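Trainee: Chains as they are written, first to last, in my numbering: chain X, 1 to 334; chain P, 1 to 321; chain Y, 1 to 378.
Since the hints were derived computationally from the structure, they do not count as laboratory data. Since this is a predicted model, take the numbers as computed values, not measurements. Heads up, some of the hints might be wrong.
[To be verified] Calculated cross-link-like contacts (lysine-lysine; reagent style BS3-like; alpha-carbon spacing at most 30 angstroms):
1. Y/Lys12 <-> X/Lys52
2. P/Lys271 <-> X/Lys118
3. Y/Lys286 <-> X/Lys295
4. X/Lys224 <-> X/Lys235
5. X/Lys118 <-> X/Lys52
6. X/Lys224 <-> Y/Lys12
7. X/Lys52 <-> Y/Lys62
8. P/Lys301 <-> X/Lys118
9. X/Lys295 <-> Y/Lys12
10. X/Lys224 <-> Y/Lys62
11. X/Lys295 <-> Y/Lys284
12. X/Lys235 <-> Y/Lys284
13. X/Lys3 <-> Y/Lys21
14. P/Lys161 <-> P/Lys134
15. Y/Lys12 <-> X/Lys3
16. Y/Lys97 <-> Y/Lys21
17. X/Lys52 <-> Y/Lys258
18. X/Lys52 <-> P/Lys134
19. Y/Lys62 <-> Y/Lys21
20. P/Lys161 <-> X/Lys52
21. Y/Lys261 <-> X/Lys224
22. X/Lys52 <-> Y/Lys261
23. Y/Lys261 <-> X/Lys235
24. X/Lys118 <-> P/Lys235
25. Y/Lys97 <-> X/Lys52
26. P/Lys107 <-> X/Lys118
27. X/Lys235 <-> Y/Lys21
28. X/Lys224 <-> X/Lys3
29. X/Lys295 <-> Y/Lys261
30. Y/Lys62 <-> Y/Lys12
31. X/Lys235 <-> Y/Lys258
32. P/Lys292 <-> P/Lys161
33. P/Lys107 <-> P/Lys161
34. X/Lys3 <-> Y/Lys62
35. P/Lys271 <-> P/Lys235
36. Y/Lys258 <-> Y/Lys286
37. Y/Lys261 <-> Y/Lys62
38. X/Lys235 <-> Y/Lys12
39. Y/Lys97 <-> X/Lys235
40. Y/Lys62 <-> X/Lys235
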Amino acid sequence: MAKKSFRQAINEALAQEMRRDPRVVLMGEDVAGGQGAPGEDDAWGGPLGVTKGLMPEFGRERVLDTPITESGFVGAAIGAAATGLRPVAELMFVDFMGVCFDQIFNQAAKFRYMFGGKAVTPVVIRTMYGGGFRAASQHSQCLYPLFTHIPGLKVVIPSSPYDAKGLLIQAIRDDDPVMFFEHKMMYDDMDEVPDEPYTIPFGEANLTREGDDVTVVALGRMVKIANEAADALRKQGVGCTVIDPRTTSPMDTDSILESVEETGRLVVVDEAHPRCGMAADVSALVAQEAFRALKAPIRMVTPPHTPVPFSPALEDAYLPSAARVIEAVRATMA
Amino acid sequence: MQLNREQLLAAYRMMRTIREFEDRVHVEFSAGDIPGFVHLYAGEEASAVGVCMNLDHRDKIASTHRGHGHCIAKGVDVEGMMAEIFGRGSGTCGGKGGSMHIADLEKGMMGANGIVGGGPPLICGAALTAKTLKTGGVAVAFIGDGASNQGTTMESYNLAKAWMLPAIFVVEDNGYAESTSSSWSVSGSQLGRAAGFGIPAVQVDGLDFFAIHEAAREAVERARDGGGPSLIHAKLNRYHGHFEGDAQTYRGNGEIERLRAEHDPLTHFRKRVTEAGLLEGGQLDAIDAAAKSEIDAAVAKAKSAAMPPLAELLTDVYVRY
Amino acid sequence: MTDAIRPIGMPKWGLAMTEGKVNAWLVADGAEISQGDEILEIETSKITNVFESPVSGLLRRKVAGEGETLPVGALLGVVADAGVSDAEIDAFVEQYKQHQAEAASEDAAPEPVMVEAAGWTVRVLRMGPEAPDESAVPLLMIHGFGGDLKNWQFNQPDLAADRAVYAIDLPGHGGSSKTLDGDGSVAWLAEAVRGAMAALDIDRAHLVGHSLGGAVALQMALDEPVRIASITLVCPAGLGAEINAGYIEGFIRADRRKEMKATVEALFADPSFVSRDMVEDLLKYKRLDGVLAALQRIADVSFPGGRQATVLADRLDGLTVPVQAIWGAEDRIVPPAHATALPQARRHVLPGAGHMVHIEKPAETNRLIGEFVAFTGG
C-alpha cells in the first residue's frame, strides 16, 4: 500500500468526495489562491498547500476563494449546508474562530434542535491547530474543547494520515456539522493510506498500543508522543495501552473505561489548556465511572495554563513531551 | 407589473393574518399564557408580504427575532406557529424553538434568528447553493436597522458581491434597534453602505405595499438573471415594543397612536385598491373576519395542545450520534 | 565447515511483519530437532503463533533470548553437527549478524501486484523460484468470504520452495476490485478466478481453497478439470447447506473493534489468535467504499436465508480431479461433517483447530498440501 503524507491524505479525501458528489464544495481563504491576481492561479492551494490542485480539477465554482471574512464565509457554508450543498469550509487557523463563533455555536450547532429535527446541516469546518510552529499565541491554540462543549457539533482530531482520510470522508458524508482539526506540525507525517475512499466511524477509539499496566489517553499529535513514551516504557517493563479517541464528540467512553478497569491507572495527554479541557473531561469521566478500579491518582499531562509562547525555548517547555508522559506514567506506578 | 385581483386579495389576506396574529399574541402574552420572549411585527406587514409575493418554492429567506411576519408571508403554517409560540409539542418546531426560532426549511424559511445579524451570512450560503446547483432560486435576508450595524451584515454584502450571489438584503428600518434610534446608531446611510459595496439599492416607504413589491420584483429579477445582490431599505414602523413587556419609555408621546392612525400599511392598501376600484370594501371586510377567526382557532388549538413529551428533551441534537 | 552450521532466522509472517517477539523457546538447548518441530512461540503485532523449525539437527545455540524483539531475518538459533566447535559457531553468529545488517537495507520480500483480468483488477502475491522447473505446476490459493491473500501467510512461503505459488484476492476482497462485475455467485467467482489465471498465464494449477474459496475451487474443478491438477479444500463451503449464518451477518455488520473481535473469534479454536492488529486490518478492509455492498451481494447470493445456495455434493460423482479436504475439528463456521460428502477424497480433520486451520495448524496443513501436490503430480 502506498505511503502518503497527512497533507496528501486530506487532499485525496477532498478530491475523491468532490468527484463522487457534485454537492461537495470547498471554500476558504486562499484554498486555491491567486484569484484576481496577475500571477499564478491556484497559487497557494491553502496556506500549507493541502488543497493544491483541487481548483484546477473542479474549477472556481466548486473551489471558492473567499475574502478574509471568516464570519461571512463560515456562515455562508452553514447556510449552504442547510439548503442542499455539502460544503467544506477551511478556517485557516482555529484561533480565528474568535470572529465566527456565532455562526458555529448558535447557527450550525443548534438548527436541528431549535427547528424540531427538521434541519440537516452537513457542513465540515477544517481548521489547523496546535503548537510547535513557533507561531505564537494567536496561531497555535488547540481549542477543540470549546467545540466539544457545544451539543450539536461533532469534533474530529485525527492523529495519522490513515485516520485523516477516513475521518474526513466520514465528516463530508455525515449529516451533522463537523469540526475537523488538523495539527499543523503533522502534514508531513507518512502512513499507509489506501487509494480507495473509506470511512472511519465517529466515536470509535483506536488503540495504538496495548499493555496491562497503565491507560494513556491522547489526542491528535499527542498520540505520537504517547506512543513514543509507551514504546520506551515497554523496554523498561511497563505496559501502556494508548487510546486515541479520534473524535471528542462523540467520544468512545467505553474503550477508556474498559481499559482503566483493566489497568487501574490513567494518564491523559492533551495539548489543549488544562482547565475545562479534554484531559479534565476524561479524568472526570473516569473518576465518576471507574473510581473503584483506580490504583493511583489520575495524571494529566498538558501545557501550563498560559497562552502559547513564541520563543522556541519557551514553546518547547510549554508543549507536552514523551519524557513528561513517561514521568506521569511512572508516577502512577509509584 | 400590475397585480391581478387574486394577487391583491392574497396580499391583503397575508398582511391581515400577520396583523391579527401579532395583535393576538400581544394579548395572550399580556395574559401570561406565552413563555419567554416575543417580538412583534405589527406595522411592518407590507415589507414581508411585498417581498415574499415575488418568491416561489425555490427561494429562501432568513429572518430576525421579529420573524412571525416573514414566516407567514413565506407560507409557514399559522396554527403550527401559534402552537410553537405557546411551547406546545404540535408547534412548527415541536416546541423546541419558540418565537425566536420558528423555521420551516421545506417552505424556504431558514429561521427567525435570535442573533442580530445571524441571517445575512446564511443567506449568502443559500444563494451559493442556488447558484452552484443552478436552481434559479434567490435568497433574501431580512435585517433590522440594528443588524445593519453588525460586521456579519457588511461581510455578507461584500461576499455576496465578490461571489455575485443571487442574494437580496432587505433592511427593515423601523427606527429603533431595541431602544436606540437608528438616526443615531447608523452612521452614513443604508443606501450609501450598499453603494460602497457596489450593490444596487433603493429606499422605499414601508407603508406602501406596492412600492416594496416593485422594488423586490426588480431585485429578484436581477438576482435570477445573474446580476448579483441588491439591497432594499424599507422605512417602516413597529406598533409594539422591542419585545413584549417593553415599556417603550424611549418613544415620543402619542407616537404609537399616531403611527397606528396615520401609518398603517393595511389601511393604506385598502384605500389604494378601493379608490382605484380594484377591490371592494366588502371583500376586504370578509378577509378581516376570516383572519380573525383563523387566529381565534389557532389560539384555541394551541392552548389545548399538549406540551412536548419529556423524551423530546434529548432528541434532534444530531441526525446520528 | 559452515555447511554443517545452519541458521534459524526470524520468520516473516505476512506482508506487514517487520519484527517479532520471542515469547518462549519450546525446545531445550542441545535438543535434536527435526524440520517442522515446534521450537518457538513468536508474537507479532498481528498474531502470536508457534514457529516450526525450517531445519533438522542439533540445536547448538539459542541466540535469541525470551522476551527479545527482533527484526525479520534476525538470527534466533543455530543448528550444527556435534563436531562443530563453539568457536566456529561464534564466528558464524558474528558473520550472520553482519550479513543480516547488510541485507536489511535491501529487503527483497515479495510484494503483491495488481493485474488486470477480464472485468476486474486482481491483487496477486507470487512466491517461489524466479524460474521454477517447467514440470512444476503452480499452486493457486483462494481465500474465503471476507478474507484475503494474507490469510495464507503461514502457508504460502513454505509451499513455494520448488514451484510458483500464487495467492489472489477474490473480487470485492483485499486489494482487488470492490465493484462486482457479476452476481457474486460461486459460479461467477469461479469464472473470475479463471480470468485471473488467464491474466497470469497459468494454464493449469493445483488449487487450494479455503471456505468460500473452497467452493470456488471445487466449482473450477467441475467446470474445467483439464486445467486443475488437484484441489485441496480447507474447511470448504459448497458441500452442504449448513453455514454459521450469524457469523456471515456479524462480519458484514461489524464496524467497531469490539464487535469485529467478537465475531472473528468464532474462526479459531483458540480465540487468542485474534489480535488487535488483525481486527484493525479487517476493519480497514471493511471501511473501503464498495466492500459492504460486495460482501452483502456475495452473502445474499451464496448464503440466502442463512443457508448455502451452492451445494456441489451431488455433482461429485463426476469429479475427475484429485481432491483432499482439511478441516479443523472445532470449525464453528462450516461443519466438519460436510467432509463426508467427499468419500473419494483424502480427508483430514485436525484436532485443536477451527475454521482457520491453516493458521492454527500451519505445519500440518502445509505438510498435507505439499504431500498431496507431490502425489498428484506436476
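Trainee: With reference to the structure, classify each hint as holding or not holding.
Mentor: Hints, verified against the model:
1. Y/Lys12 <-> X/Lys52: 39 angstroms, violated
2. P/Lys271 <-> X/Lys118: 41 angstroms, violated
3. Y/Lys286 <-> X/Lys295: With a Cα-Cα distance of about 38 angstroms, the restraint between Y/Lys286 and X/Lys295 is violated, given a limit of 30 angstroms.
4. X/Lys224 <-> X/Lys235: 17 angstroms, holds
5. X/Lys118 <-> X/Lys52: 36 angstroms, violated
6. X/Lys224 <-> Y/Lys12: The hint holds at about 26 angstroms.
7. X/Lys52 <-> Y/Lys62: Status violated; Cα separation ~55 angstroms.
8. P/Lys301 <-> X/Lys118: Within the cut-off at roughly 22 angstroms; holds.
9. X/Lys295 <-> Y/Lys12: 39 angstroms, violated
10. X/Lys224 <-> Y/Lys62: 35 angstroms, violated
11. X/Lys295 <-> Y/Lys284: With a Cα-Cα distance of about 35 angstroms, the restraint between X/Lys295 and Y/Lys284 is violated, given a limit of 30 angstroms.
12. X/Lys235 <-> Y/Lys284: 29 angstroms, holds
13. X/Lys3 <-> Y/Lys21: Holds - the C-alpha atoms of Y/Lys21 and X/Lys3 are around 25 angstroms apart, at most 30 angstroms.
14. P/Lys161 <-> P/Lys134: 18 angstroms, holds
15. Y/Lys12 <-> X/Lys3: OK: Y/Lys12 and X/Lys3 at ~21 angstroms, within 30 angstroms.
16. Y/Lys97 <-> Y/Lys21: Distance of about 18 angstroms is within 30 angstroms: holds.
17. X/Lys52 <-> Y/Lys258: 38 angstroms, violated
18. X/Lys52 <-> P/Lys134: Status holds; Cα separation ~26 angstroms.
19. Y/Lys62 <-> Y/Lys21: 14 angstroms, holds
20. P/Lys161 <-> X/Lys52: The hint holds at about 25 angstroms.
21. Y/Lys261 <-> X/Lys224: 25 angstroms, holds
22. X/Lys52 <-> Y/Lys261: Given that 30 angstroms is the threshold and the Cα spacing comes to 39 angstroms, the pair is violated.
23. Y/Lys261 <-> X/Lys235: 28 angstroms, holds
24. X/Lys118 <-> P/Lys235: 34 angstroms, violated
25. Y/Lys97 <-> X/Lys52: This hinted pair is violated, its Cα atoms lying about 46 angstroms apart.
26. P/Lys107 <-> X/Lys118: The hint holds at about 11 angstroms.
27. X/Lys235 <-> Y/Lys21: Measuring from Cα to Cα gives roughly 12 angstroms; hence the hint holds.
28. X/Lys224 <-> X/Lys3: At roughly 17 angstroms apart (the allowed maximum being 30 angstroms), X/Lys3 and X/Lys224 satisfy the hint.
29. X/Lys295 <-> Y/Lys261: 28 angstroms, holds
30. Y/Lys62 <-> Y/Lys12: OK: Y/Lys62 and Y/Lys12 at ~19 angstroms, within 30 angstroms.
31. X/Lys235 <-> Y/Lys258: 28 angstroms, holds
32. P/Lys292 <-> P/Lys161: Not OK: P/Lys292 and P/Lys161 at ~43 angstroms, beyond 30 angstroms, violated.
33. P/Lys107 <-> P/Lys161: With a Cα-Cα distance of about 26 angstroms, the restraint between P/Lys107 and P/Lys161 holds, given a limit of 30 angstroms.
34. X/Lys3 <-> Y/Lys62: 37 angstroms, violated
35. P/Lys271 <-> P/Lys235: 20 angstroms, holds
36. Y/Lys258 <-> Y/Lys286: 14 angstroms, holds
37. Y/Lys261 <-> Y/Lys62: Distance ~35 angstroms between Y/Lys261 and Y/Lys62 Cα, so the pair is violated.
38. X/Lys235 <-> Y/Lys12: At roughly 22 angstroms apart (the allowed maximum being 30 angstroms), Y/Lys12 and X/Lys235 satisfy the hint.
39. Y/Lys97 <-> X/Lys235: Between Y/Lys97 and X/Lys235 the Cα gap is close to 22 angstroms, so the pair holds against 30 angstroms.
40. Y/Lys62 <-> X/Lys235: 21 angstroms, holds
In summary, the numbered hints that this structure violates are 1, 2, 3, 5, 7, 9, 10, 11, 17, 22, 24, 25, 32, 34 and 37.
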